[in-house]
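Colleague: Take a look at the letters that make up each chain.
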Amino acid sequence: MTLRFEGLTKRFGSLVAIDAVDLTFEPGKITSIIGPNGAGKSTLINMCAGSYKVTDGRILLDGVELQRLKKHQIAGHGVARTYQNIRLFDGMTVQQNLEVCLFSSYFGRTFAEVFVPGMSRRLKSERAALCRDALARFGLARFADALAADLSYGNQKLLEIARATMLEPKVLMLDEPAAGLNHGETDCLKETLRSLVPADRVVIIVEHDMSLVMTLSDHIFVLHQGRLLFEGTPAQVQANLAVQEAYLGSPGDVDDIRDAARSRANRVRLRADADIERRGLASV
Amino acid sequence: MAIVAAVVAALFHFVPGLPTYYVRVIDTVLIYLLLAIGLNMVVGYAGLLDLGFVAFYAIGAYSYAILASGQFGIHLPFGLILIIGGALAGVAGVLLGIPVLRLRGDYLAIVTLGFGEIVRLLMNNLVWMTNGPQGISRIDQPFLFGFALKTPRDFFLLLLPLVLVALMLAWRLECSILGLGWAAIREDQDAARGIGINTTLVKLLAFGLSATLGGFAGVIFAGFQRFVDPVSFGFWESLTIVLIIVIGGVGNLVGVVVGAAVLIIVPELLREYSEYRMLLYGCALVVMILVRPGGIVGRRYNPAWIIQKLGWR
Numbered sequence: 025m026t027l028r029f030e031g032l033t034k035r036f037g038s039l040v041a042i043d044a045v046d047l048t049f050e051p052g053k054i055t056s057i058i059g060p061n062g063a064g065k066s067t068l069i070n071m072c073a074g075s076y077k078v079t080d081g082r083i084l085l086d087g088v089e090l091q092r093l094k095k096h097q098i099a100g101h102g103v104a105r106t107y108q109n110i111r112l113f114d115g116m117t118v119q120q121n122l123e124v125c126l127f128s129s130y131f132g133r134t135f136a137e138v139f140v141p142g143m144s145r146r147l148k149s150e151r152a153a154l155c156r157d158a159l160a161r162f163g164l165a166r167f168a169d170a171l172a173a174d175l176s177y178g179n180q181k182l183l184e185i186a187r188a189t190m191l192e193p194k195v196l197m198l199d200e201p202a203a204g205l206n207h208g209e210t211d212c213l214k215e216t217l218r219s220l221v222p223a224d225r226v227v228i229i230v231e232h233d234m235s236l237v238m239t240l241s242d243h244i245f246v247l248h249q250g251r252l253l254f255e256g257t258p259a260q261v262q263a264n265l266a267v268q269e270a271y272l273g274s275p276g277d278v279d280d281i282r283d284a285a286r287s288r289a290n291r292v293r294l295r296a297d298a299d300i301e302r303r304g305l306a307s308v
Numbered sequence: 003m004a005i006v007a008a009v010v011a012a013l014f015h016f017v018p019g020l021p022t023y024y025v026r027v028i029d030t031v032l033i034y035l036l037l038a039i040g041l042n043m044v045v046g047y048a049g050l051l052d053l054g055f056v057a058f059y060a061i062g063a064y065s066y067a068i069l070a071s072g073q074f075g076i077h078l079p080f081g082l083i084l085i086i087g088g089a090l091a092g093v094a095g096v097l098l099g100i101p102v103l104r105l106r107g108d109y110l111a112i113v114t115l116g117f118g119e120i121v122r123l124l125m126n127n128l129v130w131m132t133n134g135p136q137g138i139s140r141i142d143q144p145f146l147f148g149f150a151l152k153t154p155r156d157f158f159l160l161l162l163p164l165v166l167v168a169l170m171l172a173w174r175l176e177c178s179i180l181g182l183g184w185a186a187i188r189e190d191q192d193a194a195r196g197i198g199i200n201t202t203l204v205k206l207l208a209f210g211l212s213a214t215l216g217g218f219a220g221v222i223f224a225g226f227q228r229f230v231d232p233v234s235f236g237f238w239e240s241l242t243i244v245l246i247i248v249i250g251g252v253g254n255l256v257g258v259v260v261g262a263a264v265l266i267i268v269p270e271l272l273r274e275y276s277e278y279r280m281l282l283y284g285c286a287l288v289v290m291i292l293v294r295p296g297g298i299v300g301r302r303y304n305p306a307w308i309i310q311k312l313g314w315r
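For the protein sequence lines, the chains are A and B, in the order given.
Counting from 25, one number per residue, gives the positions in the first sequence under our numbering.
Counting from 3, one number per residue, gives the positions in the second sequence under our numbering.
Next up, chain B with everything else stripped away, as it sits in the complex (with noise of 0.2 Å):
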C-alpha cells in the first residue's frame, strides 16, 4: 500500500514539473488508457472484437462540443456533460449491442468496423449539428469544482486520479462473479448459456460499460484540444486502441497500461520518421505475433500479482 502511495505520489508531485511538451504526451497516454481499459472490457474480457470503438470516444467528444460551445450558445458544465457524454455513449454502446448479439469474431468485427465508420460519416454530414468536416472550435473551457481545466498540467491531475479509479473498477470488475460470466462467454458461449448465464443481458453490460468509459475518455479530449473535428474519429483511432491492448496484453490491465505507454510514447519520440509510423505498426504487430503471441506483459503479471508481489491483500 504505502508502496503504492508513494508512486502515485510521486507522479502527482513530479509530472506536473515537467516541460509543457511532456506533461501533453502523459496526458495523451492517460486518455489512450482509459479508451483501452473500456475497450479491453469487450474485446479482453468478454472476446467480441470491437473495430469501432472510436464512435464511443466521438459521440463523448462532440457531446462536450456541442453542449458547451457556441454552436448552439449552450454552454453548460463539464462536470454535467462527463456524465451525459459517458450516458450517451452508454446508450450507443448497448444499441450497437443489441443487432451483433449474435454475431462473433470476423463478422462482429466487420460490423463493428462500419458502425464506427457510420458515426464518423454522421459527424461528417450532420453539418447543422456537428459543422461537418469544419469541426467545432472555440469549445468552453472546462471548469471542474471551480477549478479551470486551462494547461496540460490541470489535465493531468484530473486524469491521473480518474485513470487509476477506472482501473481499479476494471480489476474489480474482472474478478467479480459478472467478470468471471464475461470470461465463459470468450470461452465457450454455448457451455456459458448452460450454466445458466444471460448471454444477452452480460454481453450488453459489457458493451454499455466500456463505451461509457469511451464516451468519458471523449468529453475530457474535447476539453483538452478544445476543437474537434471528424477526422480525429477515423478508423486508425480505434485500431490504435485495438493495438495497445493486443500488444500491451489482451485482458491483462498490466497488459494494457504498458501497451498505452509504449504505443503512445514510441511513436511521439520516432516523430521525424511519422511517415513510417504505419510500417512500423505492422512490423511491430508481426514480431509480436511471432514472438509473444499474449502481448508484451505475460498473462501471469496481472494486478492479482502485483497485488500479491507488494504483500497487500
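Bound-form chain A, shown alone (with noise of 0.2 Å):
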C-alpha cells in the first residue's frame, strides 16, 4: 500500500503552487516534507484531503483516485490530517472530540439508537471505550471530560492527533505538529509520534523544526517553490548544499537552518496564543 502522487499541480490564478510533482510515500515509515515558506507543503497536504481542489494530476491510495472524492469521501478511505491552527470541536469534550470521529461506522445506527430501549446506552459504551485506548495513549484521559477549548495549548495539540488517529487511517497527515511546542513538549511529541506508525501506515509531517524533522524522519522531501528540490533521508539533506540554499539564499551550515526554523516556530506559538486569549475574551 503507497501513497502516490503524480504530476500533481496547484495553481492559484496564475500562481503556481505545486508544479507538476511526483511523490511516492512509503508504509510504515514517517516521512517529512520541508522547505521555505511558501514551498507548498500544506499546499499538498490540503490537496491531498480534499480542502483544495486539484488543477491536475492524480493522488493515488491503493488505486483510488482520491482527488475526484468529495472531502469527507477522502476521510472514509483512511485519510486523517491536523491542521496548522489547531482545529478541534471547541465547544465539546475531549472524550466527545474522539467518539464523533466514529460517525461513519455508527451512523447508520441511529435510528436504533434513538428508538430501541437500552441501545444508546450500549453503543455508547462501546464507543467510550473505543475512545479510552486514544486517551491514555496521549496522556489525556484526566481531561476526558473538559471541554477541548479549555485545555491547554499542547493538549489541544495532541488532542487533535489523537482525534486523526481514532479514525484508524492509512496516511496521517501532521501540519506542523510541533509549531509552538517548547523543547519539553517537542520530546514527548517524539515519542508519541514514534508509535504512531504501524507497517500499514503511512505518516506525513509538515515541519520547520528541524531537529525534530531530523530525529524522526525516514524520509524527507524538500520543496522549493512548487518543485521537488530533493529527496532522501536526513543525512542526505543536511549534506546538501542546495537545501541550505533554498532555506537561507546563501550556503550556510545546519545551525543556521535551525536557528531560522525555530524563530519561526515561536512566531507560530505567539500567534496561537493571542488567537486563545482572543476566544478566551470573545467568550466571556
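One or more hints might be untrue.
Claimed, not checked - A partial selection of chain A residues facing chain B, derived with a Cβ cut-off under 7 Å:
hint, residue
1, THR26
2, ARG35
3, PHE36
4, HIS96
5, ILE110
6, ARG111
7, MET116
8, CYS125
9, TYR130
10, GLU137
11, VAL138
Stated by the list, open to error - The following label-pair restraints were derived from C-beta to C-beta distances:
hint, chain 1, residue 1, chain 2, residue 2, range
12, B, ILE120, A, PHE36, 36 to 46 Å
13, B, PRO295, A, PHE36, 21 to 31 Å
14, B, LEU166, A, GLU215, 47 to 57 Å
15, B, ALA89, A, SER149, 54 to 64 Å
16, A, ALA173, B, MET280, 30 to 40 Å
17, A, PHE36, B, SER276, 17 to 27 Å
18, B, CYS285, A, VAL40, 50 to 60 Å
19, B, CYS285, A, ARG35, 51 to 61 Å
20, B, ALA4, A, ARG145, 51 to 61 Å
Because the hints were derived from the structure by calculation, they are not lab data.
Where is the CB? At the ideal position from N, CA and C, for every residue including glycine.
Assemble the dimeric complex from its two separately framed chains, guided by the hints.
Modeller: Here it is in C-alpha cells:
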C-alpha cells in the first residue's frame, strides 16, 4: 500500500503553488516534507485531504484516485490530518472530540440508537471503550470531560493528533505538529509520533522544527517554489548544499537552518497564544 | 424514575382541574415547546440559525385546515393529517435545506427569514387554496382514537405526552452519534468533513427532523384554534421561537423548557401592558446577553444532570 502523487499541480489564479510534483510515500515510515515558507507544503496536504481542489494530476491510494472524491469520502478512505492552526471542536468535551470520529461506523445505527430501549447506553459505552485507548495513549484521560477549548495549547495539539488517529487512518498527515511547543513538549511529541507508525500506515509530517524532522524522519522531501528540490534521508538532506540555499539564500550550516526554523516556530506560538486570548475574551 | 412519574401524574391530575383559561395558556406553552424542541435541533445542535421556522408550523397548520374543513369538502381524520402535515413540513425542511447548504451564520439567517416570508405570502395570496387573508374557518373538530378533542383540557391530555415523547427522543438524538455529528458541524464544519462526516446529509437530516416537529405542532395548533390565517405565521412568531431557545439556553433541552414557559407565561401575565411586549422582549434580550449569554439555564444543567441528580441511570 502506497500513496502516490502523480504530476500533481495546484494553481491559484496565475500563481503556481505546486508544479507537477511526483512523490511516493512508503507505509511504515515517517516522511517529512520541508521547505521554506510558500514552498507549497501545506498546499500538498490540503489537496490530499480534499480541502483544495486539485488543478491537475492524480493522488493515488491503493489505486483509488482521491482527487475525484469529496472531502468526507477521502476521510472515509483512511486519510486523516491535523491543521496548521489547531481546529478542534471547541465546545465539545475531549472525549466527544474523539467519539465523533466514529461517526461513519455508527451513523447507520442512529435509528436504533434513538428508538430501541437500552441501545443508546450500549452503543455509547462501546464507543467510550474505543476512545479510552486513545485518551490513555496521549495522556489525556484525566481531561476526558473537559471542554477542548479549555485544554492547554500543548494538549490541544495532542488532542488533534489523537482525533486524527481515531480514524485508524492509512495516511496520517500532520501539519506542523511541533509549532509552538517548547523543548520538553517537543521531545514528548517525538515519542508519541514514533508510536503512531504501524507497518501499514503512511505518516507525513510538514514541519519547520529541523531537530524534530532530522531525528524522526525516515525520508525527507524538500520542496522549493512548488517543485521537488531534493529527496533523501535526513543525513543526505543535511549534507546537501542546494537545500541550504533554498532556506537561507546562501550557503550556510545546518545550525543556521535550525535557528531560522526555530524563530519561525516561536512566531507561530505567539500567534497561537494571541488567538487563544482573543477566543477567551470573545467567550466571556 | 418514581419522582418523574409522580410529577407527570401530578400534571395529568392537577392541570385539567384548573380553570379553562389557565389550561389554555399551558396548552400554548406546550405547542411552543414542541416548536422550540424542533428548532433547537437546527439552531442549538447543528448551529444553523434558522429565522424562518414558522413556515413549517404554517405548513402543518394549513395541512389540517385544508384537509379537514369545508374548504374543499375534504374531511380526513386528525391522526392521518398529523402524519401528512409532519411529512409535508419535513419535505419542505429538506427542500429549504438544499439551497442553503453552503450558507452559514448571517447569510443563512437572511435566506431562512426570506423563506418564512415566502410561505406566509403564499398563504396570503393563494386565495383559491387558503382563502387568503380571511383565513380558513370552521375547521373540523379533531378526533383521536374515537375521542373528541374539544376543550383545552382534551388538548392538554394530547399535548403533554407528545411533548414528553418529543423531549425524550430529542435528548436521545442529542446523545446519539448523529447528535455528536451535528455538534461537530456546529463547531467546525470543515474539520467535521475531515473526520468523514457527510455534512450535506447530516445537515439535511437536521432541517428535515426539525421541520417535521414544526409540522406536528402546526397540525395540533390548527385543530386547537379551528381557525387559521396568515397573520398567525408572521416573522414575530419565528422570532418568539428563536427567543425561547436563546433566552432559555441554546442547545439545552432544560433551557428550552424553561424558555418556553417564561416567554409564553410572562407576556400572558403582563397582558394589560401588551403594547410594550416587544420593548420588554428587547430589554430582556439585551439584559440576557450582558448577564447570561448562555441563556437562563446554564449548560451544566442539562437533562444528563437531572438524570444524575435523580440517581436514575
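Colleague: Would you pick out the hints that fail for this structure and give their numbers low to high?
Modeller: 1, 2, 3, 5, 13, 15, 17 and 20
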